[in-house]
Amino acid sequence: MTATLEAPIVVDVAAPAPARKRPTPGVVAAVAFLAVIAVAVAAPGLLAGADPLAADPMRALEAPSAAHWFGTDQLGRDVFTRVVHGARYSLSIGVASTLLSVVAGGLVGLVAGLAPRAVDEVLSRALDVLSAFPEVLLALLFIAFTEPGTPSLIMAIALAFAPRYGRMVRAQTLLVRRSGYVEQAVTFGLSRVRLVARHVLPNVLGPLPILATIGLGAAVVNAAALSFLGMGPQPPSPEWGAMLSESRNYLRVAWWAAILPGATLTLTVIALTAVGRRLQARFEGRH
Amino acid sequence: MLAAILKRLGSGAVVLWAAASAAYLALRLAPGDTIDTLVGDGPDTPVIRAQIAKDLGLDRPAVVQYADYLWRLLHGDFGRSYVLQRPVIDIIGSQIWPTVKLTLVASAFSVVIAVGLAVLTAGRARWLRGLVSGVELTVVSAPGFLIGILLLSVFSFRLGWFPVSGDRDVSALVLPALALALPIGGVLSQVIREGLERALDEPFAVTARSRGLTRLALVWRHALRHALLPAVTLAGTLIGFMLSAAVIVERVFGRPGLGEVATEAVSSKDIPVVLAVVMLAAAIYVALSLLADLAYLLIDPRLRKG
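Chains as they are written, first to last, in the working numbering: chain A, 13 to 299; chain B, 140 to 445.
Because the hints were derived from the structure by calculation, they are not lab data. Values in this document were obtained by computation on a predicted structure and should not be read as measured data. Watch out, some of these pointers could steer you wrong.
What the hints assert, rightly or not - So, partial list: chain B residues that the calculated Cβ filter (under 10 Å) puts toward chain A:
#	residue
1	T260
2	F284
3	V386
4	A401
5	V417
6	L430
7	L433
What the hints assert, rightly or not - Reference listing, derived: stretches of chain B covered by chain A, where coverage requires no fewer than 3 residues with Cβ under 8 Å from a Cβ of chain A:
#	segment
8	190-200
9	240-252
10	274-282
11	285-291
12	377-385
Yeah, the Cβ is synthetic: ideal placement off N, Cα and C, and Gly gets one too.
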């Protein structure tokens, strides 16, 4: 009995899977760049051995050179070293808040999708209300109510992004719930718990990692933006947004101290988006 | 049609009411109570505390306070700022104009950028479209503040064409509006181009071409109308993005405005001001998405029947 049920009964016939394409050079470059960023997060000392906080006022605001690849900032700190060490702050805030919002939003969406209509209605309305607040402002509101700092920043971004994952998961749950194979399983008399665990959950959760990869880019940008506003790790932490904010005032004489951390941030986000889109295309192609 | 409009109006009102109530709840449940914040470092006696409670109406039953809060909100009374000791509505009133100006000009820029790029590149050579979509992906991914800083460093510091900060004249508006408009224009032009290319494949496009219409005239007069439809559905998301990004762009360019008010208030824990700005943004978002939905009905007569 179970043997027949375990084989997924695909009722919705999708287009025939296209031949698997080789990754484009852009995607390869994106993966390579993310690998470098991953090293910077895990072991920044490997890429830049110096101390990111070591100031040398004699060498302040020096242009990029062989000795200082990204130049130096207003305190004579090496910008490249700070960018490498800052990856840990920016990325970990992004990853933590994405995980938190995927889990929290996903749970709400799953419950909304499975629960009776009245519960679904209440939860969906709650998600509507949260979505009515622009993301940065919702995050600012949360920070206003809490002690400023990294944990508060992570929770603020998670709160701002949770509604979108909630909506996606709810829609996906409804889709799965009404699909032919779940109807089939109900006809076979599968218990509710088993039905959810065996058939609904795997099909709902499948696309989540991909959505999270694409969402991670947005979370990283928002983390940096809020740090730029002074709501994140405080100076002298080499967080990318905070670095931009500190160097903004020296833009006239030293563009590199603001623009190179910003460019690294942008490349990271582009790479995450490119990889996420590629994963999504593959995932949808297989169906 | 009327029923559809009324239904959307109703759900917009429900969302705003729920947002206001959530804000009220947050205010009540927030750690550190209002009286503590107001007493601050000043003299702290039970008499003073009782006086503050009485002044603010905190000694009344919770339901009455809640009803009173909603009533005042309806009349635009957001309470008093803890820090500046002025009515919140005055603070917002004095700072709202620069933000409105910025977002309006930015909206105009982004529509021009999006339509221009899409019309010029739809159905053109692969390399050109590839190049333009690469640029679009970059501006969409780049954080608003980086675009702002790049524009500042090139056009203000290097070339000296625009002022570095402030809001003195029209020229001070160009760069901030551009910084806001570029990412939005990037998203919009992708959507519009896709729509244009779909429309150009339709039979009516072939008919029009065979009648001797030039490509540009076909795109401009016929295809664009079809292509703008999906763009209108995106309006809600883009408005939300614009309101968020405006806060940051104002900061980059040192412009006065609601963004500045909000960040200052968050730093000094001036909760009534933060709440007011956030609720105002939510109200604007709800109202404008409502308008976008209605515009959709107006633009596409096919939807009115449903």
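Tested hints:
| no. | hint | result |
| --- | --- | --- |
| 1 | T260 | 19 Å, violated |
| 2 | F284 | 5 Å, holds |
| 3 | V386 | 6 Å, holds |
| 4 | A401 | 6 Å, holds |
| 5 | V417 | 5 Å, holds |
| 6 | L430 | 14 Å, violated |
| 7 | L433 | 17 Å, violated |
| 8 | 190-200 | violated (count 0) |
| 9 | 240-252 | violated (count 0) |
| 10 | 274-282 | holds (count 5) |
| 11 | 285-291 | holds (count 4) |
| 12 | 377-385 | holds (count 5) |
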